[in-house]
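Participant: Chain by chain, the residues:
Protein chains: 2
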Amino acid sequence: MKILFDLQGGDHAPEALLEGARRAKEELGITPVFAGSESQRELLTSEEAPDYLVTGSVIENTEEPAMAIRRKKDSSIVLGMKALKEGAVDGMISAGSTGALLAGGIFILGRIHKQVRPCLPVIIPHGRGSTILLDAGANMDTTPEMLLDFAKMAHSYAKVVLDKDPEELKVGLLNVGAEEGKGDRRSQETYQLLKESSLPFHGNVEARDIFLGECDILVTDGFPGNILLKTVEGTAGFLYHLLERSLKESGLSVEEMQKFALVMKRALSPLDASNQGGVMLLGLKKPVIKAHGSSNGKAIFSAAEEMVRIIEGNVIPSMEDEQL
Amino acid sequence: MKILFDLQGGDHAPEALLEGARRAKEELGITPVFAGSESQRELLTSEEAPDYLVTGSVIENTEEPAMAIRRKKDSSIVLGMKALKEGAVDGMISAGSTGALLAGGIFILGRIHKQVRPCLPVIIPHGRGSTILLDAGANMDTTPEMLLDFAKMAHSYAKVVLDKDPEELKVGLLNVGAEEGKGDRRSQETYQLLKESSLPFHGNVEARDIFLGECDILVTDGFPGNILLKTVEGTAGFLYHLLERSLKESGLSVEEMQKFALVMKRALSPLDASNQGGVMLLGLKKPVIKAHGSSNGKAIFSAAEEMVRIIEGNVIPSMEDEQL
Chain A
1 MKILFDLQGG DHAPEALLEG ARRAKEELGI TPVFAGSESQ RELLTSEEAP
51 DYLVTGSVIE NTEEPAMAIR RKKDSSIVLG MKALKEGAVD GMISAGSTGA
101 LLAGGIFILG RIHKQVRPCL PVIIPHGRGS TILLDAGANM DTTPEMLLDF
151 AKMAHSYAKV VLDKDPEELK VGLLNVGAEE GKGDRRSQET YQLLKESSLP
201 FHGNVEARDI FLGECDILVT DGFPGNILLK TVEGTAGFLY HLLERSLKES
251 GLSVEEMQKF ALVMKRALSP LDASNQGGVM LLGLKKPVIK AHGSSNGKAI
301 FSAAEEMVRI IEGNVIPSME DEQL
Chain B
1001 MKILFDLQGG DHAPEALLEG ARRAKEELGI TPVFAGSESQ RELLTSEEAP
1051 DYLVTGSVIE NTEEPAMAIR RKKDSSIVLG MKALKEGAVD GMISAGSTGA
1101 LLAGGIFILG RIHKQVRPCL PVIIPHGRGS TILLDAGANM DTTPEMLLDF
1151 AKMAHSYAKV VLDKDPEELK VGLLNVGAEE GKGDRRSQET YQLLKESSLP
1201 FHGNVEARDI FLGECDILVT DGFPGNILLK TVEGTAGFLY HLLERSLKES
1251 GLSVEEMQKF ALVMKRALSP LDASNQGGVM LLGLKKPVIK AHGSSNGKAI
1301 FSAAEEMVRI IEGNVIPSME DEQL
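One line per chain: the protein sequences are A and B, in this order.
For the first sequence, counting from 1, position 169 maps to 169 in my numbering; every step adds exactly one.
Basically my numbering = 1-based index in the second sequence + 1000.
Rather than coming from a laboratory, the hints here were simulated on the basis of the structure.
Mixed in with the good hints, there may be bad ones.
[As the list claims (entries may be wrong)] Here are the simulated lysine-lysine pairs, BS3-like style, with alpha carbons at most 27 Å apart:
1. A:259 to B:1248
2. A:182 to B:1248
3. B:1182 to A:248
4. A:114 to B:1265
[As the list claims (entries may be wrong)] Beta-carbon label-pair distances, calculated as ranges:
5. B:1070 to A:66: 27 to 37 Å
6. B:1261 to A:62: 50 to 60 Å
7. A:262 to B:1179: 35 to 45 Å
8. A:323 to B:1251: 49 to 59 Å
9. B:1115 to A:318: 48 to 58 Å
10. B:1085 to A:127: 46 to 56 Å
11. B:1128 to A:111: 30 to 40 Å
12. A:60 to B:1237: 35 to 45 Å
13. A:28 to B:1251: 34 to 44 Å
14. B:1128 to A:62: 19 to 29 Å
15. B:1165 to A:313: 52 to 62 Å
[Stated by the list, open to error] Just so you have them, the derived chain A footprint on chain B, three or more residues with Cβ under 8 Å:
16. 1175-1187
17. 1235-1247
Small disclaimer: the values here were computed from a predicted structure and weren't measured.
By construction, the Cβ of each residue, glycine as well, lies at the ideal position given by its N, Cα and C atoms.
Start from the sequences, fold in the hints, and give me the full structure.
Facilitator: Structure, rendered in structure tokens:
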């Protein structure tokens, strides 16, 4: 199995990508292929060098995605996706621009079905495992039919990526109340579609219950999905700031402060992004994993592990079948 | 100034209401009037008793609001609002059902202007004061015009209720990105309306920045508004749970744990709901404050303080003018 690693995206590129890829070769038996600049090629061993894709430009996170994909034909994202489309590699892992990966995926790889909108899941860790939330912000003004498609794709993905008996997976609909009939028109109509579908529908789930693990897949439009995700980030950051300030003002000894800092660090470890590999972009014809921008070597290795499960678990063929 | 206190709503009713009202009489010089059951009347002093409104039924939080208002004509919410409408009292404070207060407000008190949708703000405390977020979940499927109305009403309210120079108030639009053009169609259109309005528009604000105090008023539809609010609650609860668990597993001494528990308690005190009185329901012809269900006497007193500022600051006449 050949997996392409994009050396040009992420805060810790290229080192984190190289480290994760090499560990994946060692432990998972995959063959890493790299895309990067002429100078980055020198970081490779002679064994890694032959398939190297030499890039001539870099797509920045701030660029308008569709425009960047059209203009920067020699970027790692475009070259990598072309190799993926042609079958030179079986999957691609990048910590680069989410927007460019989605736009490139749509233009170069194509969609599994013409009515499907590719979307972006995120994995939210909680007390009882993880929940896949989607869409995290790639699609606005979605219809109930699109949300049903998101749920179906996430269901195929969750079977392979969540450590859970696939028979026990539950799909929830993000809403402002738990009862049927709650929410805006889109939510009410999506509720009916999910209820009538063959998916294991659990009903509405309120945002305050996201960490209770009530459902494994939580479906919503990209607007509220993005609001939810960024509210988690903002709230966690604010509470951390409050705790740090309170600790500084506490008058505790240095030793006591260190102990408490350790308690805080351990407490928050389930939220550490490096424990998560990344997320698959759903709806594309070939497997692409978007790793977090802050990914270290361990996170890239986790992403490679996930890629192996996705390919061996036939996630994309299963999604194609679910759309019929 | 006569303020009506609803003895039948809230987790700590009637004690918290009585305590807050009596303190408000003492310190603010208001005249409290109470609505409650025949048996609650016995809790009053002879001086407090004359204007007492005797209720015969109670509206529960679980009831369908409009139905409850129509059927329970002798509930504290209906009797209180009638007294408010007739001018027997100048304002009303209740920790009862938000939905019933809004429905009662619309049916009994009426709206400041026929096109205005009454809405529910919440006050989010942060490092640099507080931000008023609205709508918190009362209105779904709003139009850009409705959101502009929300912003105008919140502006009149914020001038009086936030501890800030009214000239420095800023209005933000909750969105998935900071740049103009981001978001769904409603957000894009609302952005233009706010930009063209005479309001001090600050632009889009991302959910991750809610605690940075970038804006004083944050406008959004009730669906994402409610998702944001409940995500803050859910995230804070989850982090607290993680910290508590980590502390228990830390092997620290009892004395150390007590010290750290105090650091945590102090850290989180800015989020304590009892520091906030409550929020005014915006768009009604008379002032109604919805206090948090968990309000204690201190919170009810804060609500009374807010009511005095709302009445003396002519918030409702100012809102009526802004709608012209």
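Participant: Going through the numbered hints above, which ones does this structure break? Give me the numbers in ascending order.
Facilitator: 2, 3, 4, 5, 6 and 11
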